[in-house]
Each structure stands twice: as structure tokens, then as C-alpha cells.
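Chains as they are written, first to last, in the working numbering: chain A, 17 to 402; chain B, 53 to 315.
Treat the hints as calculated values from the structure; they're not laboratory data.
List time: in silico DSSO-like cross-link candidates among lysine-lysine, alpha-carbon distance up to 27 Å:
1) A:Lys-350 / B:Lys-162
2) A:Lys-281 / B:Lys-254
3) B:Lys-166 / A:Lys-352
4) B:Lys-124 / A:Lys-123
5) A:Lys-178 / B:Lys-292
6) B:Lys-75 / A:Lys-123
7) B:Lys-162 / A:Lys-123
8) B:Lys-292 / A:Lys-174
9) B:Lys-128 / B:Lys-254
10) A:Lys-93 / B:Lys-292
11) B:Lys-87 / A:Lys-352
12) B:Lys-87 / A:Lys-208
13) B:Lys-254 / A:Lys-352
14) B:Lys-292 / A:Lys-94
15) A:Lys-123 / B:Lys-87
16) B:Lys-128 / A:Lys-208
17) A:Lys-350 / B:Lys-87
18) A:Lys-123 / B:Lys-166
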Amino acid sequence: MTKPKFKFTFWRVVAALILIAGAVATFQRFVYGLGYATNLSDEFPWGLWIGVDVISGVGLAAGGFTITAIVYIFNLKKYHCIVKPTVLTAFMGYALVGTALLWDLGKYYDIWHALVFWNHDSAMFELAMCVATYLGVLALEFSSIALGKFKWLRKPVKFLKKGYIVLVILGVLISTLHQSSLGTLYELVPQKLHPLWYSELLPYYFFFTAIGAGLSMTVVESYLSWRGMGHEAPLPVLANLIRGLVVIQLTFFVAMFEGLVVSHKLGYLVNGSFESGMWWLEMALWVFIPTIIAFRKKWMLTRFGVFAAGFSGMLGFLMNRLNVSMTAFQWSAKVKYIPTWQEVSVTASFVVVSFIIFAYAVKYFKLFHEEDDPFESIEDSAVKAV
Amino acid sequence: MPKAMLVDITECVGCGVCSEACKTEQKLPGDVGEKRDYANYTVLRQEEDETYVRELCMHCTDPSCASACPVKALHKTPEGPVVYDFDLCIGCRYCMIACPFNVPKYEWHKPIPKIRKCVMCYDTRVKKGLPTACTQACQEEGGGATYFGEREEMLAEAHRRIKENPDTYAPHVYGEHEVGGTNVLFITAKDRPFDSLHFNTKLPEEALPELTRQILYKIPVIVPVWATFLTGMWWLNNRKVEVDENEGSKEIRDTKEGEGEND
Numbered sequence: 017m018t019k020p021k022f023k024f025t026f027w028r029v030v031a032a033l034i035l036i037a038g039a040v041a042t043f044q045r046f047v048y049g050l051g052y053a054t055n056l057s058d059e060f061p062w063g064l065w066i067g068v069d070v071i072s073g074v075g076l077a078a079g080g081f082t083i084t085a086i087v088y089i090f091n092l093k094k095y096h097c098i099v100k101p102t103v104l105t106a107f108m109g110y111a112l113v114g115t116a117l118l119w120d121l122g123k124y125y126d127i128w129h130a131l132v133f134w135n136h137d138s139a140m141f142e143l144a145m146c147v148a149t150y151l152g153v154l155a156l157e158f159s160s161i162a163l164g165k166f167k168w169l170r171k172p173v174k175f176l177k178k179g180y181i182v183l184v185i186l187g188v189l190i191s192t193l194h195q196s197s198l199g200t201l202y203e204l205v206p207q208k209l210h211p212l213w214y215s216e217l218l219p220y221y222f223f224f225t226a227i228g229a230g231l232s233m234t235v236v237e238s239y240l241s242w243r244g245m246g247h248e249a250p251l252p253v254l255a256n257l258i259r260g261l262v263v264i265q266l267t268f269f270v271a272m273f274e275g276l277v278v279s280h281k282l283g284y285l286v287n288g289s290f291e292s293g294m295w296w297l298e299m300a301l302w303v304f305i306p307t308i309i310a311f312r313k314k315w316m317l318t319r320f321g322v323f324a325a326g327f328s329g330m331l332g333f334l335m336n337r338l339n340v341s342m343t344a345f346q347w348s349a350k351v352k353y354i355p356t357w358q359e360v361s362v363t364a365s366f367v368v369v370s371f372i373i374f375a376y377a378v379k380y381f382k383l384f385h386e387e388d389d390p391f392e393s394i395e396d397s398a399v400k401a402v
Numbered sequence: 053m054p055k056a057m058l059v060d061i062t063e064c065v066g067c068g069v070c071s072e073a074c075k076t077e078q079k080l081p082g083d084v085g086e087k088r089d090y091a092n093y094t095v096l097r098q099e100e101d102e103t104y105v106r107e108l109c110m111h112c113t114d115p116s117c118a119s120a121c122p123v124k125a126l127h128k129t130p131e132g133p134v135v136y137d138f139d140l141c142i143g144c145r146y147c148m149i150a151c152p153f154n155v156p157k158y159e160w161h162k163p164i165p166k167i168r169k170c171v172m173c174y175d176t177r178v179k180k181g182l183p184t185a186c187t188q189a190c191q192e193e194g195g196g197a198t199y200f201g202e203r204e205e206m207l208a209e210a211h212r213r214i215k216e217n218p219d220t221y222a223p224h225v226y227g228e229h230e231v232g233g234t235n236v237l238f239i240t241a242k243d244r245p246f247d248s249l250h251f252n253t254k255l256p257e258e259a260l261p262e263l264t265r266q267i268l269y270k271i272p273v274i275v276p277v278w279a280t281f282l283t284g285m286w287w288l289n290n291r292k293v294e295v296d297e298n299e300g301s302k303e304i305r306d307t308k309e310g311e312g313e314n315d
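All chains, please: the whole structure from these sequences, using the hints.
This is the structure:
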């Protein structure tokens with residue numbers, strides 16, 4: 017067999033350049049320290065790496081618990097076709113969050129301390145425990161989906177499939193805890209966060225909107241794998257995910273807006289400040305654009321329309337998490353933080369790596385093919401277990 | 053009993069022996085700086101009209117940094133100081149985010165950085181019953197503006213001064229109630245109240261870690277409820293399928309029987 021020739025395409029060259037920059041930045045960060053490679057300071061200790069790689073990354077991987085809950089707990093079987101790629105995204109997402117954290121931690125080699133030296137008062141401790149446990153749960157979920165192709169692994173896989181519903185419920189439970197904990201992190205600093213984003217309900221907002229993030233991410237990745245690899249998830253299924261996203265975002269918007277009204281914060285929306293601009297941009301991407309698209313029947317019948325709504329929702333989510341972790345914090349820190357090329361290239365490298373892993377895993381484990389192994393399908397075992 | 057430091061801003065002459073004594077005691081590199089950082093645990097902030105304000109860790113009664121730290125690398129000692137253990141620290145910097153006074157600083161220039169902050173000379177002095185290095189220097193060589201003792205005594209002293217000289221002092225002890233109370237206390241002149249000296253006077257009287265606790269302590273209550281609901285929904289929704297299937301097969305049976313009758 018001859019090896020297929022590696023072709024240089026535009027995107028491959030871009031990806032290679034990003035990875036090279038990321039490698040140089042990585043060298044600088046670990047050899048010369050965070051001060052050399054980043055624009056972080058005593059005034060602004062958390063930047064792009066925490067904001068994007070961790071706080072947003074965990075949210076964007078929320079599709080794992082959202083879609084498995086829809087399919088296995090709420091028994092909406094028509095969404096089964098997207099379970100496999102979504103679980104892969106979640107597993108890969110959490111693994112990359114854990115890895116990316118090493119770049120940001122000062123004593124990265126002691127990362128395991130968080131699992132050993134407990135502090136029950138710390139939202140960060142709770143977050144660490146949950147992310148670690150959930151990574152384990154996702155590894156099992158993914159194994160039961162993907163490893164059936166290996167003959168010698170069939171017994172343990174069969175066993176896992178029988179207990180799949182336990183994994184799903186565990187996944188939802190743990191996700192509830194840590195998606196909200198990301199918001200709890202900021203409950204401690206009411207005086208440091210801009211009033212437009214600080215709320216006692218932040219943990220609830222973070223959990224609820226993570227569901228939306230999971231849905232929009234699923235739509236985006238389905239579109240991209242269709243463009244890139246020709247795998248097709250049925251359009252009506254994806255369009256319904258967008259409708260779900262819109263319901264979630266509108267519900268959140270009403271709750272959040274009520275909060276602004278009762279705490280007399282509406283003035284901040286129209287004072288023309290940098291923060292108010294960011295807030296409006298966030299809401300446009302996160303709430304308004306997906307809603308407008310979802311109510312245009314014509315647009316929702318096209319792949320691009322559905323993708324645009326999902327992509328806008330995803331960007332809006334990203335903006336929200338970055339606004340909380342950076343814009344709102346910068347307001348009180350009174351410093352301007354602009355990430356260095358090292359910070360940007362490391363974050364971009366993680367995105368590139370996730371694209372590569374996703375593409376290979378989809379091919380290797382045939383994730384867009386429906387169940388065709390000789391075992392009973394997961395639904396059957398779920399029904400029998402009742 | 054918890055110890056505390058009292059700083060009488062009206063008595064400070066701005067000589068800076070406190071910062072120098074701190075450098076020697078804590079073996080911090082370099083000359084005394086203008087801003088607090090990894091090498092300056094305490095500095096003097098000069099306001100207009102020759103008023104000097106000491107900046108140092110407030111050693112909160114219920115410290116945000118200690119509650120934020122996922123690994124308990126920062127903790128409150130019974131004697132009052134909030135201390136740091138580098139061996140436990142993972143370098144996440146959540147303490148820096150959490151601190152209402154922006155006290156913890158980081159060794160940004162090092163590949164393996166430490167958190168650096170005033171530890172109220174815990175190991176070298178306070179544990180042995182001695183006053184902090186800055187207090188001793190201030191009393192022996194400086195203007196005598198920083199005092200050290202039991203927190204109760206320091207509070208009583210502060211209130212005595214305010215009561216006896218109501219024309220000199222502003223009627224407020226900063227740190228008595230701020231964020232649940234602190235182990236560093238300030239009193240200031242009447243014509244230079246705290247908000248004019250860049251103190252954060254908008255801090256709540258409630259200890260900030262309570263904000264996190266009231267959420268985190270709900271978790272053990274929420275988990276069983278949520279787990280029961282999710283399992284229940286799964287049972288309910290999958291039972292429906294079973295019922296549908298059974299009824300479906302009955303329908304098929306009926307039509308078959310019907311067909312049989314026609315024959």
C-alpha cells in the first residue's frame with residue numbers, strides 16, 4: 017500500500033505556522049516564566065489563557081452532557097445521530113482544558129494538589145474536582161462509543177454500554193456543579209466586577225447558558241465536518257438545536273435583564289462606555305442574531321443559515337465569558353490588558369490541535385456512522401434495564 | 053487570642069523605616085520600592101499634603117484569599133496572621149483575583165513563581181509573642197505610628213483616641229468591620245477621611261467568603277434532588293417507549309385478527 021501524498025493546502029500551512037509560533041511561545045513560557053511570555057501582571061493576573069482555554073473551553077464542551085441528556089434521559093432519539101461526535105468534542109475539550117491549564121499554572125507540576133488538599137470553601141477546588149471526575153466519566157462514555165471496533169475490547173465495552181445511563185446521569189450531575197462553579201468563582205469579588213456582569217445569580221446563569229453553548233457548538237462542528245469531510249447530520253435536527261438555543265438564550269436574557277432593572281443598573285447600558293459597547297455586542301451575537309435567524313423559516317432551511325445562528329451563538333457565548341473574566345475585571349483593575357503574541361499563539365495552537373484530533377478521530381472511529389456493531393444498541397439496553 | 057496592628061495615620065512622618073525593616077526581616081531583594089510587589093510587602097503611599105499611608109496585608113478575620121485557594125496554601129492562623137505555604141501552592145493566582153485589597157503579588161519573572169505577601173512576621177516573630185518587624189522599627193526609630201498587640205486592645209486604643217480627641221480623629225476605625233473585620237486597623241485625621249486617602253470605603257461589612265460558601269454549601273443538598281429527578285425522567289421517558297411498543301404490537305395483533313375474520 018502506498019502512503020497517500022500529503023498536500024499543502026492554505027489551511028494546512030496556516031495551521032502549521034500557528035503550531036510553530038505556539039511551540040516557540042511554549043518554550044519561552046516554561047523557560048523564562050509567565051512574565052516574559054504574557055502581559056499578565058499583579059493588577060491583571062488572569063488573561064487569555066484562563067478566559068478562553070479554561071472558562072470558555074469548559075462551556076463549549078458542554079454539548080457532551082446536553083446532548084446525552086436529551087437522547088438518553090429525555091429519550092429524544094432523533095438526536096442520537098449527533099451523540100458520538102458531541103461526546104468526542106466534550107472528551108477532547110475537557111482533556112485540552114486540563115492540558116492548557118498547565119501553561120497558566122505557576123507550579124504546573126503540582127496540578128494534582130487540587131485533588132488531594134481539599135478546601136471546601138473554594139469554588140476553584142470544586143471546579144478542579146468536578147473537571148477531573150468528569151474527564152474520567154467522558155473517557156468511559158467515549159470508550160463505550162468508540163472502542164467497540166477492537167475485538168479484544170468487546171467485553172468491557174459491552175459492560176460499559178449496559179451502564180451507559182449511569183454515566184449519562186453522572187455527567188449531567190457533575191456538569192451542573194462545575195459549569196455553575198465557573199460563575200461562582202466571581203461571586204467572591206462583587207467590588208471588582210463591572211455591575212453589568214456581576215450578579216448573585218452568576219452560577220445559575222453560567223450553568224443555564226452552558227447548555228446553549230453546548231448546542232451551538234454541536235451545530236458549528238456538524239457544519240464544519242460537513243464542509244471538511246462530507247459527514248452530514250440531518251438539517252432538521254440541527255435546526256431544532258438552534259431553536260433550543262434560542263429558547264435558552266431568550267429565557268436567560270429576560271432573567272438577566274430583570275436583574276439589571278431591579279438593581280438599577282440600566283444606566284450602565286447607555287452611558288457609552290467601553291463596557292456598555294461590549295455588553296451590546298455580546299447580546300447581539302448571543303441573543304438577537306440567533307433569534308432573528310431562527311424565526312426566518314427560509315434561512316432555517318439552509319445549512320448556512322443554521323450554521324450562522326450557531327456560530328453567532330458560539331461567539332456570543334465566548335464574548336460573555338471573556339467579558340466576565342476580562343472586560344468586567346479590567347474595569348476595576350484600571351489597567352489595559354492586551355494579550356501578547358505568545359498568549360494568542362498558544363491558545364490558537366490548542367484550537368488547531370482540537371481540529372486535527374477531531375478530524376482524525378471522526379475518520380478512525382467512524383463517528384458519523386450510526387450504530388452498526390453486532391451488539392444491541394444503547395437504547396435497547398436502556399429500555400431493558402427498566 | 054488574635055493579634056493586630058494599629059496604624060495611626062496622623063502620627064506617621066513618612067520615614068519609611070517600616071518598609072526597610074520588612075525587607076531585612078523577610079530577606080526581600082532590592083531597595084524599597086514605591087509599589088507593593090514580590091519584593092515589597094509593605095510600602096508608604098504618599099498622598100498630597102504630606103499624608104503617608106502604609107500599605108500592607110490587612111490580615112482579614114475571614115480572608116478571601118484563604119477561602120479562594122483550592123489547596124489551602126494560604127491560611128489564617130489563630131494568632132491572626134494569614135500565611136502562605138509554597139509547597140502546597142499550584143500557582144493558579146485565584147487569591148490575587150479574590151483579595152479585596154489586591155495584596156497577594158506574584159514572581160512573574162521566575163519560571164516557578166511564588167505568591168508573595170506580608171505574613172505579619174508569623175514564623176520569625178508573632179509565633180514567639182514578639183511584635184512585627186515594622187512595628188518595632190516604627191516605635192524605636194520612626195514616628196511611632198504603628199502599634200502591635202491583642203486585636204481587642206488595639207481596637208480599644210483606637211476608640212479611646214477617637215473619643216478623647218474628637219476634633220483630631222475621624223470617627224471610624226478602618227478594619228473594625230470592613231469585610232468582616234481585619235487584623236490591621238487604621239485611624240485617620242478628621243480632615244483626611246479614609247475615602248480621601250484612597251481607602252476602599254465601599255466594602256461590605258459581611259465577610260466576602262460567605263458569598264461563595266452560601267452557594268457551595270448548597271451542593272450536598274442539590275445533588276441528591278437533581279439525581280433523583282434525572283433518574284426519574286429517564287425511567288419515565290423510556291417507559292413510554294415500552295408502553296408504545298406494547299400497544300403497537302396489540303394493534304398489529306388486532307389488525308391480524310381482523311384480517312383473519314375476513315377470511
